[in-house]
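S.K.: Residues per chain are reported as follows:
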Amino acid sequence: MKTFSFIEATSWQCAGCKEPLQPTKVNVSYLNSVFNVELMACPQCGVILVPEKLAVGKMLEVEQLLEDK
Amino acid sequence: MVTGGPLRPGGVALTAEIMDICRPGRGSAVLDVGCGPGHTLALLASKYKLRPTGLDPSASMLARAATRAPGARLLQGRATAIPCGQLSFEMVIAECVLSLTGDIEMSLGEMYTVLRPGGVLVVTDIYKKRSEISADLPDINSCISHARPLTDIEKGVAAAGFKEYRLFDRSELLRQLAGQIIFDYGSLEKFWQLFMAEEAARRTCCAVTAAPLGYYVLIAEKGAPYG
Numbered sequence: 066m067k068t069f070s071f072i073e074a075t076s077w078q079c080a081g082c083k084e085p086l087q088p089t090k091v092n093v094s095y096l097n098s099v100f101n102v103e104l105m106a107c108p109q110c111g112v113i114l115v116p117e118k119l120a121v122g123k124m125l126e127v128e129q130l131l132e133d134k
Numbered sequence: 019m020v021t022g023g024p025l026r027p028g029g030v031a032l033t034a035e036i037m038d039i040c041r042p043g044r045g046s047a048v049l050d051v052g053c054g055p056g057h058t059l060a061l062l063a064s065k066y067k068l069r070p071t072g073l074d075p076s077a078s079m080l081a082r083a084a085t086r087a088p089g090a091r092l093l094q095g096r097a098t099a100i101p102c103g104q105l106s107f108e109m110v111i112a113e114c115v116l117s118l119t120g121d122i123e124m125s126l127g128e129m130y131t132v133l134r135p136g137g138v139l140v141v142t143d144i145y146k147k148r149s150e151i152s153a154d155l156p157d158i159n160s161c162i163s164h165a166r167p168l169t170d171i172e173k174g175v176a177a178a179g180f181k182e183y184r185l186f187d188r189s190e191l192l193r194q195l196a197g198q199i200i201f202d203y204g205s206l207e208k209f210w211q212l213f214m215a216e217e218a219a220r221r222t223c224c225a226v227t228a229a230p231l232g233y234y235v236l237i238a239e240k241g242a243p244y245g
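Protein chains in written order, with this note's numbering: chain A, 66 to 134; chain B, 19 to 245.
What the hints contain is simulated information worked out from the structure, not anything from laboratory work.
Listed below are the simulated EDC-like cross-link pairs for lysine to aspartate or glutamate, each with C-alpha atoms no more than 16 angstroms apart in a straight line:
no., chain 1, residue 1, chain 2, residue 2
1, A, K90, A, E73
2, A, K123, B, D202
3, A, K118, A, E103
4, A, K90, A, E103
5, B, K65, B, E35
6, A, K123, B, E207
7, B, K208, A, E126
8, A, K118, A, E73
9, B, K67, B, D38
10, B, K173, B, D121
11, B, K173, B, E123
12, A, K118, B, D202
13, A, K90, B, D202
14, B, K65, B, D38
15, B, K181, B, E239
Next comes chain A alone, as it looks inside the complex (with noise of 0.2 angstroms):
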């Protein structure tokens, strides 16, 4: 049930292999927690695309929740 996704077209694609991304389930590990995330990636080495949504805006909410009280 979850209501969020980084899914979305993107016209990026993999300077390697030159493959258009593809949504592809990943986990992601940050101040040693690992979570589930599903982000656009080259289907062929699995390089992921991390969007400037998640890397500024999302991930410093949980960095947040994450620090130790």
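Chain B: place on chain A using the hints.
M.R.: Same frame as chain A, but now just chain B:
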């Protein structure tokens, strides 16, 4: 679901981890207090070959549990008045429910009563890291709004009659769940809005972010008589 089944820190992976520590004998009678839709009941029956009984006040949860864990015995009732005889179980497990029962001392006493001598109690729940802080939370029956400090839990366990227990701090699982919710729902606020009104969701979200909450696993053993 965000935890691969039940919505609680650690999910069924934590349940399996605890079972691997406790190693209840095959066929042991186990009571799951607040069994909800039956994820733990199914795990106990299929992986560990135990004889699970599920207790929950909600008829709709019990109906879901009956589908998920068809071999389990299911009872409608509350932790403060467990509808089972004394000395009925080798293990009692209460995952993320003790703080919701309304009276943790009475609930722990009931759990002690239904355990056989040598039986094991497993409690996992949210706790408040600093007792002096009271979070600004809406009046909802959530484990967050009723979280108690660990000293209260330990006192309750001792008062119930348990003499020995092990306590594990697993707060990282609470943070992991909160982080995963952000990835799955966009924000904690949007997640809480699935269950409550907008203003209540905002207050809950702020409180969860600001309040020092943790998560514990407690494993206690009911000593043998005269032992």
